[in-house]
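Model the placement of chain G on the given structure of chain L, informed by the hints.
Letter by letter, the chains look like this.
2 protein chains.
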Amino acid sequence: MNLKEQCEDLARRARAASRQLATARGDWRNRWLTGSASALESRAADIIKANSLDLAAAEQARLAPAMVDRLRLDAARIRACADGLREIAGLPDPVGRVIDSNVRPNGLHVHKVSVPLGVIFFIYESRPNVTVDAAGLCVKSGNAIILRGGKEALHTNTALHDILAGELTRAGLPADAVQLVTTVDRAAVGELLQLDKWIDLVIPRGGESLIRRVAEEAAMPVLKHYQGNCHIVVDRDADLAMAERIIVNAKCQRPGVCNAAESLLVHADIARQFLPHIADVLRRKGVELRGCPVTRELAAHAVAATEADYAAEFLDLILSVKVVANLEEAIEHISRYGSGHTEAIITGNLASAQRFTTAVDSSAVMVNASTRFNDGYEFGLGAEIGISTDKFHARGPCGLQELCSYKYIVTGDGQVRE
Amino acid sequence: MNLKEQCEDLARRARAASRQLATARGDWRNRWLTGSASALESRAADIIKANSLDLAAAEQARLAPAMVDRLRLDAARIRACADGLREIAGLPDPVGRVIDSNVRPNGLHVHKVSVPLGVIFFIYESRPNVTVDAAGLCVKSGNAIILRGGKEALHTNTALHDILAGELTRAGLPADAVQLVTTVDRAAVGELLQLDKWIDLVIPRGGESLIRRVAEEAAMPVLKHYQGNCHIVVDRDADLAMAERIIVNAKCQRPGVCNAAESLLVHADIARQFLPHIADVLRRKGVELRGCPVTRELAAHAVAATEADYAAEFLDLILSVKVVANLEEAIEHISRYGSGHTEAIITGNLASAQRFTTAVDSSAVMVNASTRFNDGYEFGLGAEIGISTDKFHARGPCGLQELCSYKYIVTGDGQVRE
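Chains as they are written, first to last, in this note's numbering: chain L, 208 to 625; chain G, 208 to 625.
These are computed hints drawn from the structure, not numbers from a lab.
Heads up, a few of these hints could be off.
[To be verified] For lysine-lysine, the following DSS-like pairs were computed, each having C-alpha atoms within a straight-line distance of at most 27 Å:
#1 G:K431 - L:K319
#2 G:K404 - L:K319
#3 G:K431 - L:K404
#4 G:K404 - L:K431
#5 G:K211 - G:K358
#6 L:K404 - L:K256
#7 G:K358 - L:K431
#8 G:K319 - G:K404
#9 L:K211 - L:K319
#10 G:K358 - G:K431
#11 L:K431 - G:K319
[Claimed, not checked] Derived coverage of chain L by chain G (criterion: at least 3 residues anywhere in the stretch with Cβ under 8 Å from a Cβ of chain G; other residues may be distant):
#12 285-296
#13 307-319
#14 377-387
#15 443-453
#16 556-568
[Stated by the list, open to error] Far from chain L, some chain G residues (derived; all Cβ distances over 10 Å):
#17 R219
#18 R286
#19 A296
#20 G373
#21 G413
#22 R420
#23 R491
#24 S542
#25 S569
#26 R579
#27 G603
Note that the Cβ used here is the ideal one computed from N, Cα and C, for glycine as well.
The shape of chain L in the complex, shown without the other chains (with noise of 0.2 Å):
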């Protein structure tokens, strides 16, 4: 077979196991969830050694110290997969949910039931742990899945492949459930993306460049998760211990996320009492500014910001601030330069959080809590796959019900329409 027929083969594979997996019990789907974390423990040295020859390859071609420890897998961290594949296991089953449902005057009972998507693409890189967590929440989910992973994690990868796909017999399900890519051949990816005929869903988790490459070439739906430039807006009423609490969260407890504030704005009848205070603050625990010519007269270790630094992610321990004159100039910012991620707002003004809840247009709107709080664990919602930036199909966290589309199921009695 050649590329274009293998790549074919495994998507309609994966199109035959979904069929399966559909209409599979909860319980057979959560007996191969806790059969994995048992297999993924009790065969940990195996994963230990495939992991050290990726290990190996990593720094002789001498990746950076923390890719390496990215790509390492520990007992501790393989216990963490299998915990993580336990939880999954307990959480409610999202197929075959009634999510809404009415009697039609002429006796029709219509049901909209939750139902897997079907086969689910997922590109991802670097860290190992992401196999297990994505292969977890796609058949919990009743989806089959295709993983791609990087190619720095290969030998790791096909290591925990092998037990996941051995465990899907061991339960009863079928194998192809969840496919692993091995091949090396980037061309793999472009050919999978043309089969829409089998693949329903491509989610590609990694830098921007990899998402816009999937997202041109894709024939079937992607879920995008782009960056997260997330503001912090402080209004006139806001209580300032609460906002620098919280600024210092967002911005310091781990700036490597999406959730991480990048920007504040400060309205500017509190910007002289607030400003000062909260840069020598930020400058404490190591955060630049960047800041508007305002700023910079209020907090003097201040850069001045470009227009550049107000559309950034920085993802590091780096800020841009300005002082707006009220709160609509705020919303107007952050509808110019904003990702549609997450922004907060700290007011103990009930119009203001009004207005600001309704005219911003992001994935999650926070009112006197940090934007560290989108995430799927804390929105009560569980595991996630991603936080998507999109506003079509799913919105923010992704869990196990966005993997979900639904159907209606219509009973009737003989009816027919006039």
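Positioned in the frame of chain L, the structure of chain G alone reads:
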């Protein structure tokens, strides 16, 4: 401005209008709906005059009489358009609805709230009443709409748009919320399909070639409505009188629509009893049968079915027929040839009904009811903008809810993440 600049200007204005519309009160949107309904009626003479220009051109171009009739607007049809808008005004507001909510252990209130999608590009053919329907549904759901109708209806659509846009201003809403592409240059569609920066969704409504072209070119999501190759399965345990009634309704009541039946699958155990009779009934209704060898044995006038017949959406008084050994063969056949639109089973057996509704992956699966019920009104969703054969975002009838996205509104009192 050249064409590209014109399209960008139009899309940018739609985006600005959509931001205003998203925060406009429901009663303003309803005021526009009822105001437009009255204006359509009071300015019926203008519309009919514009329509007569399109009709004259259509007759000169020797359009088929059925096409010319679809194009025609008279006082009664204008009144129906106006009543449609009044009906939409009476539907519940789809915007700002709390879809789901929970209070987290840390006291955060998480609300999942419906919001408009933003800007919708609607491409459609012929019937000018669709102009009014689509604008009504979009504005009611807080979306701006860009309308691109067929060039054969341009005078009529211009007159209708003129009234709708004027009423926007009178209702205190942005006039750019409803825009019409008036250039006949087909390249305008291509330009607009690239503007995913400002346009959130495109809905093509028309023939399959239009939909395919749009799906291939569009940079933004597409709500697709492909063909409906709808099946009826008559199970071994069917009430045969009910089966007859439903088959005749699904095939003959309106053969030209997407939820009409195109294929009949009969369980072998009752074929000898049922097929000669139903074949005779259908013959008398003018239905041509294209069947498998067993069908042809039992119904002498049936012609031989080809592979293409089993895959076809006839939209005509033609029905493909196959005798199947059991329910599983019927499900396999549907999986192979079906279009995922609507399938029905006629059965008195609970296990058959459950197996069919679980295993068949179509937007609507009916038990003992006509396929013709797959419709927004019939499901109690109100007016619809189309029936989606996609599984992503919206499936089946797309009404006001399906024209919405959602966002998370999170309210705290100073929570930060540990």
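Hint check results:
no.	hint	in the structure
1	G:K431 - L:K319	19 Å, holds
2	G:K404 - L:K319	32 Å, violated
3	G:K431 - L:K404	14 Å, holds
4	G:K404 - L:K431	14 Å, holds
5	G:K211 - G:K358	19 Å, holds
6	L:K404 - L:K256	38 Å, violated
7	G:K358 - L:K431	36 Å, violated
8	G:K319 - G:K404	24 Å, holds
9	L:K211 - L:K319	38 Å, violated
10	G:K358 - G:K431	22 Å, holds
11	L:K431 - G:K319	19 Å, holds
12	285-296	violated (count 0)
13	307-319	holds (count 4)
14	377-387	violated (count 0)
15	443-453	holds (count 4)
16	556-568	holds (count 5)
17	R219	13 Å, holds
18	R286	22 Å, holds
19	A296	21 Å, holds
20	G373	27 Å, holds
21	G413	21 Å, holds
22	R420	14 Å, holds
23	R491	18 Å, holds
24	S542	7 Å, violated
25	S569	7 Å, violated
26	R579	4 Å, violated
27	G603	5 Å, violated
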